[in-house]
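Participant: Given these sequences and hints, build the entire structure.
First residue of the sequence shown: 1, per this note's numbering; consecutive thereafter.
Wrong hints could be hidden among the right ones.
[What the hints assert, rightly or not] Only pairs whose alpha carbons sit at most 30 angstroms apart, straight line, appear in this in silico BS3-like list of lysine-lysine:
1) Lys-35 - Lys-134
2) Lys-12 - Lys-35
3) Lys-36 - Lys-50
4) Lys-35 - Lys-25
5) Lys-35 - Lys-129
6) Lys-50 - Lys-25
7) Lys-12 - Lys-24
8) Lys-68 - Lys-129
9) Lys-36 - Lys-68
10) Lys-24 - Lys-129
11) Lys-36 - Lys-12
12) Lys-129 - Lys-25
13) Lys-50 - Lys-134
14) Lys-36 - Lys-25
15) Lys-129 - Lys-45
16) Lys-68 - Lys-134
17) Lys-45 - Lys-68
18) Lys-45 - Lys-35
19) Lys-12 - Lys-129
20) Lys-134 - Lys-36
21) Lys-50 - Lys-129
22) Lys-134 - Lys-12
23) Lys-134 - Lys-45
24) Lys-68 - Lys-35
25) Lys-24 - Lys-68
[As the list claims (entries may be wrong)] So the derived label-pair ranges between C-beta atoms look like this:
26) Lys-36 - Asp-63: 32 to 38 angstroms
27) Leu-31 - Thr-97: 22 to 28 angstroms
28) Lys-24 - Asp-76: 33 to 39 angstroms
Hints listed in this document are in silico derivations from the structure and should not be mistaken for laboratory results. All values derive from a computational prediction rather than experimental measurement. Glycine residues also receive a C-beta, built at the ideal position from the N, C-alpha and C atoms.
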Amino acid sequence: MANATLPPNLAKIVERFQRHTDPKKRYEQLLWYGKKLEPMAEEGKIAANKVQGCVSQVYITADLEDGKVMYQGDSDAQLVKGLVALLIQGLNGLTPTEIVELTPDFIEATGLQVSLTPSRANGFYNIFKLMQTKAIAFQLGSVLWGKLIKQNCSWV
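Facilitator: Given below as structure tokens:
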């Protein structure tokens with residue numbers, strides 16, 4: 001996927017990682033993102049928000065604000081926290097449809113799969129997929145809500 005087809009924030013992040021060919025520099029970049037991640041409320045750390053298939057404890061929450069998805073997340077591992085922060089920064093403020101239509105090609109474009117262990121690379125993908133699943137839930141919710149309003153418009 002060309003960076004030009006990515007949402008602007010995500011394209012900038014991919015470009016930052018593409019500039020670093022040294023795995024150590026990529027790790028440093030991830031740690032920097034992790035330090036910038038805003039703390040997640042403890043009440044969000046529940047099973048429904050836990051990313052499956054990660055060795056680390058990873059949680060993602062999502063809210064819909066004015067038609068845009070806003071994520072929060074956390075991990076008990078600093079490097080994974082950086083992956084969470086990277087995705088949050090890249091996806092926050094997009095519509096559910098924009099998130100659902102994204103392919104995971106951008107993950108490969110960052111070059112991180114070369115720097116990460118296979119389990120962390122898989123975890124990165126699983127974090128992204130959970131974020132997409134939460135966006136799909138918002139899409140379905142708005143479709144169902146629209147149908148409910150149409151069916152019951154006589155009492156509205």
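Participant: A separate judgement is required for each hint: does it hold in the structure or not?
Facilitator: How the hints compare with the structure:
For the given pair, Lys-35 sits about 24 angstroms from Lys-134 by alpha-carbon distance, which is consistent with the 30 angstroms threshold. For the proposed pair Lys-12 and Lys-35, the alpha carbon gap of about 18 angstroms is at most 30 angstroms, so the pair holds. Among the hinted pairs, Lys-36 with Lys-50 is consistent with the structure: their alpha-carbon atoms are about 21 angstroms apart, no more than 30 angstroms. Distance restraint check for Lys-35 and Lys-25: the Cα-Cα separation of roughly 15 angstroms lies within the 30 angstroms cut-off, and the hinted pair is therefore satisfied.
For the hint linking Lys-35 to Lys-129, the alpha-carbon distance of about 23 angstroms falls within 30 angstroms, and the restraint holds. Proximity of Lys-50 to Lys-25 is assessed by CA-CA distance (about 28 angstroms); at most 30 angstroms being required, the pair is judged to hold. The suggested pairing of Lys-12 with Lys-24 holds, with an alpha-carbon distance near 20 angstroms, which does not exceed 30 angstroms. Between Lys-68 and Lys-129 the CA atoms are separated by roughly 18 angstroms; this keeps the pair inside 30 angstroms, and the hint holds.
Proximity of Lys-36 to Lys-68 is assessed by CA-CA distance (about 21 angstroms); at most 30 angstroms being required, the pair is judged to hold. Between Lys-24 and Lys-129 the CA atoms are separated by roughly 26 angstroms; this keeps the pair inside 30 angstroms, and the hint holds. Taken as a hint, the Lys-36 and Lys-12 pair is honoured in the structure, with Cα atoms around 16 angstroms apart against an allowance of 30 angstroms. Straight-line distance between C-alpha atoms of Lys-129 and Lys-25 comes to about 26 angstroms, which keeps the hinted pair within the 30 angstroms bound.
A threshold of 30 angstroms between alpha carbons decides the hint, and for Lys-50 with Lys-134 the separation of about 12 angstroms falls inside it, so the pair holds. Taking the CA atoms of Lys-36 and Lys-25, the gap is near 17 angstroms; set against the 30 angstroms cutoff, the hint holds. Taken as a hint, the Lys-129 and Lys-45 pair is honoured in the structure, with Cα atoms around 18 angstroms apart against an allowance of 30 angstroms. At roughly 12 angstroms between alpha-carbon atoms, Lys-68 and Lys-134 fall within 30 angstroms of each other, so this suggested pair holds.
The suggested pairing of Lys-45 with Lys-68 holds, with an alpha-carbon distance near 22 angstroms, which does not exceed 30 angstroms. Simply put, Lys-45 and Lys-35 have alpha-carbon atoms about 19 angstroms apart, close enough for the 30 angstroms limit, and the pair holds. Simply put, Lys-12 and Lys-129 have alpha-carbon atoms about 21 angstroms apart, close enough for the 30 angstroms limit, and the pair holds. Distance check on the hinted pair: Lys-134 and Lys-36 sit about 23 angstroms apart at the alpha-carbon level, within 30 angstroms; holds.
Between Lys-50 and Lys-129, the direct Cα distance comes to roughly 12 angstroms. Compliance with the 30 angstroms bound is thereby established for this hinted pair. A distance of roughly 23 angstroms separates the Cα atoms of Lys-134 and Lys-12; the hinted pair therefore holds under the 30 angstroms criterion. At roughly 15 angstroms between alpha-carbon atoms, Lys-134 and Lys-45 fall within 30 angstroms of each other, so this suggested pair holds. For a cut-off of 30 angstroms, the pair hint linking Lys-68 to Lys-35 stands: about 24 angstroms separates their Cα positions.
The straight-line distance between the Cα atoms of Lys-24 and Lys-68 is roughly 34 angstroms, outside the 30 angstroms bound, and the hint therefore fails. Against the hinted window of 32 to 38 angstroms, the Cβ-Cβ separation of Lys-36 and Asp-63 comes to about 20 angstroms, which falls outside the hint. Separation of Leu-31 from Thr-97 is about 32 angstroms and departs from the stated range, judged on CB atoms against 22 to 28 angstroms. Remark: the range hint 33 to 39 angstroms for Lys-24 to Asp-76 is contradicted by a beta-carbon distance near 22 angstroms.
In the structure shown, a violation is registered for the earlier hints numbered 25, 26, 27 and 28, in ascending order.
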